[in-house]
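**Student:** Below, each chain spelled out in residue letters.
2 protein chains.
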Amino acid sequence: MSEKIRIALDCMGGDFGASVVLAGAELSLTQLSNVEFFAFGDLATLEPLIVKRPTLHRRTRIVHSEIAIRMDQKPAEALRLGRSKSSMALAIDAVKTENADFAISAGNTGALMALAKIKLRTMGNIARPALAGLWPSLKGETIVLDLGASIGTSAEHLFNLAVMGGAIGRTLLEIDKPTVGLLSSYFGQFDRQHYVYGADRLLQDAQRQDLHYIGLVEGSDIGSGHVDVVVTEAFAGNVALKSAEGTARFIGQSLQDVIRSSWSARVGYLLASSSFSMLRNKLRPPNGAMLLGLNGTVIKSHGSADAASFADAILFGCKMVRAGVLSSLQQAIRQPVSL
Amino acid sequence: MSEKIRIALDCMGGDFGASVVLAGAELSLTQLSNVEFFAFGDLATLEPLIVKRPTLHRRTRIVHSEIAIRMDQKPAEALRLGRSKSSMALAIDAVKTENADFAISAGNTGALMALAKIKLRTMGNIARPALAGLWPSLKGETIVLDLGASIGTSAEHLFNLAVMGGAIGRTLLEIDKPTVGLLSSYFGQFDRQHYVYGADRLLQDAQRQDLHYIGLVEGSDIGSGHVDVVVTEAFAGNVALKSAEGTARFIGQSLQDVIRSSWSARVGYLLASSSFSMLRNKLRPPNGAMLLGLNGTVIKSHGSADAASFADAILFGCKMVRAGVLSSLQQAIRQPVSL
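Heads up: the sequence lines are chains Y and R, in that order.
Just so you know, we're using the numbering used here here: the first sequence kicks off at 96 and counts up by one.
Just so you know, we're using the numbering used here here: the second sequence kicks off at 96 and counts up by one.
Here chain Y stands alone, though its shape is the one from the complex (with noise of 0.2 angstroms):
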């Protein structure tokens, strides 16, 4: 049997606050045995919610917590007001003491970045994290970073997390030298000054033993599956990120409609309805990016995810901390660069 993994949950965060964190915490358990919960939150609030889940209660201890983070905070207010008691600021020092393994929040993206950056620090030369997810692809999962951390870059930045992604490719998807590419636009228009040119440079001459990179990749390559790694400045990572999600929901909208537009289509429908199962399980957009470069493991959620994929992403935090992506990354930063 695997070892128990102890999860932070803050529960107070999210679009819909407890009852969802608590609903996907308990769904999670249909596919988890080995885990435990530290649900961070109201007490009043939390516990007619958790007694009323059996399943859950058994697993589950609450930490009572004043304060919650509203979603449209911004992160210096969030860092003043919520630093020491809010329940996202105790689940990551529960991350940080090693009382959990790791943290999962669905709440202000820009709250958990700021608090996680200054209570588990940035590993290494990493000057700010990232957040990585997985992106479904032709051939698999294609792991892209950064979705939406750390705007504005650096060729070094681009080149740091070009080391990130292959630490986590090789341990998430077992390849000893994933395949890395620097995802960009149009490149006749680049000048030497630009950002992307300066980290395929690094990149290039760099040699590293233990990724492969690629060089220059376009937003089409993150679904095709071409490229194991997907690296980008966290602007056009987030671009793509909900480019991808508002493309997928108006090819779903289209599907529907056409369906519902015949008889026969209806018919055709219900005969193919267990394949068109397949398929709606194969396209839900995945949900769980890990915070990249710090030293402990954070899980942001969708803010707006449900209990399904609540759980989703706290599968993904499991997956992280089972695969060891933690460790692999410390490697990675340390390894001296020939630069």
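Hints listed in this document are in silico derivations from the structure and should not be mistaken for laboratory results.
Computed from a predicted model, the values in this text were never measured in an experiment.
Some hints here could point you the wrong way.
[Unchecked claim] In silico SDA-like pairs for lysine to any residue, Cα to Cα no more than 25 angstroms straight-line:
1) K234/Y / E161/R
2) K414/R / R153/R
3) K377/R / L233/Y
4) K272/Y / E340/Y
5) K377/Y / L410/R
6) K377/Y / V353/R
7) K377/Y / F371/R
8) K234/R / P380/Y
9) K377/Y / Q348/R
10) K377/R / I221/Y
11) K377/R / W358/Y
12) K272/Y / G247/Y
13) K214/Y / L410/Y
14) K234/R / S349/Y
15) K180/R / I162/R
16) K99/R / T150/R
17) K377/Y / T150/R
18) K234/R / Q351/Y
19) K377/R / S359/Y
20) K180/R / K191/R
21) K99/Y / S315/Y
22) K377/Y / G347/R
23) K377/R / G347/Y
24) K234/Y / S357/R
25) K234/Y / Q348/R
26) K180/Y / L233/Y
27) K234/R / L410/R
Assemble the complex: chain Y is given as a structure, and chain R must be docked to it using the hints.
**Tutor:** The following block gives chain R in isolation, referenced to the frame of chain Y:
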């Protein structure tokens, strides 16, 4: 009957060259009545291809050009070698001399941009051209710019893109005061130096009467139809476009896979086949983007376009000309701005 549109075809561009360009031109004639083509390219290549297409032949004049700009040529090299004699340059010249209403090319984007800028010059205070395209959405079509023309930006450049996007919205979508949004990602992390922040302030302060600025939007808003015009810097715009295309391809392939996965699914698909072909049409990636901010209309087709898709780009160009987008842009740019 609407006025005749004269189209300058760069026949030597794109991944497949003259055969696809001319097949596309012929195909466009099934939907266009009053048009005339100037086919720029190598006479020996073009003549036999045109002669065997009598419908096209009747409406086309070949203009011989000795030089074809290659897809992988750097803009500077393309300018040096192809400025006066390439098929691309001659097609743009035809717009400049008002012998053609628009030029269209599936060729090298960087070279097209550079040639068009030098020959047609930018309007008013527009420093660099942009690429604008139409994106299918749940509510019709969304105008997105810049899709990849000018990497790098400033608050003022984004402001100008918003004004031009508004002008296209008014003429093409026929909306008096189209809604305009600035593409952004997670907000908490922006500092006041960021160009999106600056452009947001400029647009709020300007309070233009010819557009309705709704603020920051996300990548997922492009497909939702929640906003008429989405404005972004070229790198992010190109990433958004390619990610959406990649996602659509991934979903299309997954859909095919599930349909083939069982007999009942195949039968179901046959029953629903007419609905599915409607869907395929709806989801066909749009082709054709307009080079914006120039004194003349230049249309860029995807390099990898097939004949049907190149025909789409021709139709897109005709739509732009018929709607009078160019003069609407000139008017919007001239309008005094209360910055």
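**Student:** Now, for every hint given, state plainly whether the structure supports it.
**Tutor:** So, going through the hints one by one against the coordinates:
no. : hint            : verdict
1   : K234/Y / E161/R : violated (44 angstroms)
2   : K414/R / R153/R : holds (22 angstroms)
3   : K377/R / L233/Y : holds (22 angstroms)
4   : K272/Y / E340/Y : violated (29 angstroms)
5   : K377/Y / L410/R : violated (36 angstroms)
6   : K377/Y / V353/R : holds (10 angstroms)
7   : K377/Y / F371/R : holds (20 angstroms)
8   : K234/R / P380/Y : holds (22 angstroms)
9   : K377/Y / Q348/R : holds (12 angstroms)
10  : K377/R / I221/Y : violated (45 angstroms)
11  : K377/R / W358/Y : holds (20 angstroms)
12  : K272/Y / G247/Y : violated (28 angstroms)
13  : K214/Y / L410/Y : holds (24 angstroms)
14  : K234/R / S349/Y : holds (11 angstroms)
15  : K180/R / I162/R : holds (6 angstroms)
16  : K99/R / T150/R  : holds (16 angstroms)
17  : K377/Y / T150/R : violated (47 angstroms)
18  : K234/R / Q351/Y : holds (15 angstroms)
19  : K377/R / S359/Y : holds (19 angstroms)
20  : K180/R / K191/R : holds (15 angstroms)
21  : K99/Y / S315/Y  : violated (39 angstroms)
22  : K377/Y / G347/R : holds (12 angstroms)
23  : K377/R / G347/Y : holds (12 angstroms)
24  : K234/Y / S357/R : holds (21 angstroms)
25  : K234/Y / Q348/R : holds (11 angstroms)
26  : K180/Y / L233/Y : violated (44 angstroms)
27  : K234/R / L410/R : holds (21 angstroms)
Checked against the numbered hints above, the structure violates hints 1, 4, 5, 10, 12, 17, 21, 26; every other hint is satisfied.
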